[in-house]
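Per the numbering used here, the very first residue in the sequence shown carries number 694; after that it's consecutive.
Treat the hints with care, as some may be off.
[Claimed, not checked] Pairwise CB distance ranges, derived in the manner of DEER restraints:
1) 697 to 738: 35 to 43 Å
2) 737 to 710: 19 to 27 Å
3) 734 to 702: 32 to 40 Å
4) 697 to 741: 32 to 40 Å
5) 799 to 734: 26 to 34 Å
6) 695 to 728: 20 to 28 Å
For the record, the hints were derived by calculation from the structure and aren't laboratory data.
From the three backbone atoms N, C-alpha and C, an ideal C-beta is built for every residue, glycine too.
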Amino acid sequence: CKTQLAIVIMVQVLQQLSGNNAFIFYQTTIFQAADIDSKDAMALAVMAVMVGVTLIGCVVIDRLAVLLGTFFFLDDVNHNNVSWLAIFSAFLYIGSFSIGVGAIPWLIIAEIAPNE
Numbered sequence: 694c695k696t697q698l699a700i701v702i703m704v705q706v707l708q709q710l711s712g713n714n715a716f717i718f719y720q721t722t723i724f725q726a727a728d729i730d731s732k733d734a735m736a737l738a739v740m741a742v743m744v745g746v747t748l749i750g751c752v753v754i755d756r757l758a759v760l761l762g763t764f765f766f767l768d769d770v771n772h773n774n775v776s777w778l779a780i781f782s783a784f785l786y787i788g789s790f791s792i793g794v795g796a797i798p799w800l801i802i803a804e805i806a807p808n809e
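From just these sequences and the hints, can you work out the full model?
As structure tokens, then:
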């Protein structure tokens with residue numbers, strides 16, 4: 694029982710340390726830096742992707758690469774028209790998180806926690 698509790702606590706802590714909350718908080722700032730006019734609509738779209746992929750993540754667990762850092766590199770070296778990379782990376786990050794780290798802790802808790 695102590696081992697199960699330790700696993701539950703560990704996966705929840707690791708989920709919180711993944712940086713997802715920071716990304717969600719700063720996504721409109723990221724979109725603003727990418728010169729996207731409809732940053733609020735894009736933030737809403739990212740959250741819709743999060744919900745949809747979380748549902749898929751409860752069935753299928755997979756890992757995807759995260760490319761968000763590439764946007765900041767390309768933006769820093771003054772490449773034009775990298776707005777698409779910010780949008781794609783945001784969708785990819787939220788999708789990856791929702792498939793893996795976002796859903797897994799809740800599935801593990803449901804499997805190892807006693808029903809009583």
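How does the Cβ-Cβ distance of residue 697 and residue 738 compare with 35 to 43 Å: does it lie in that range?
holds (38 Å)
Verify the CB-CB distance for residue 737 and residue 710 against the hinted window 19 to 27 Å.
holds (26 Å)
Given the hint of 20 to 28 Å, is the C-beta distance from residue 695 to residue 728 inside that range or not?
Hint violated: Cβ distance 52 Å, outside 20 to 28 Å.
Could you see if the CB distance from residue 734 to residue 702 stays within 32 to 40 Å?
holds (37 Å)
Would you say the C-beta atoms of residue 697 and residue 741 sit inside 32 to 40 Å of each other?
holds (34 Å)
Return holds or violated for the Cβ distance of residue 799 and residue 734 against the range 26 to 34 Å.
29 Å Cβ-Cβ, so the 26 to 34 Å window holds.
Going down the numbered hints, you'll see the structure goes against just number 6.
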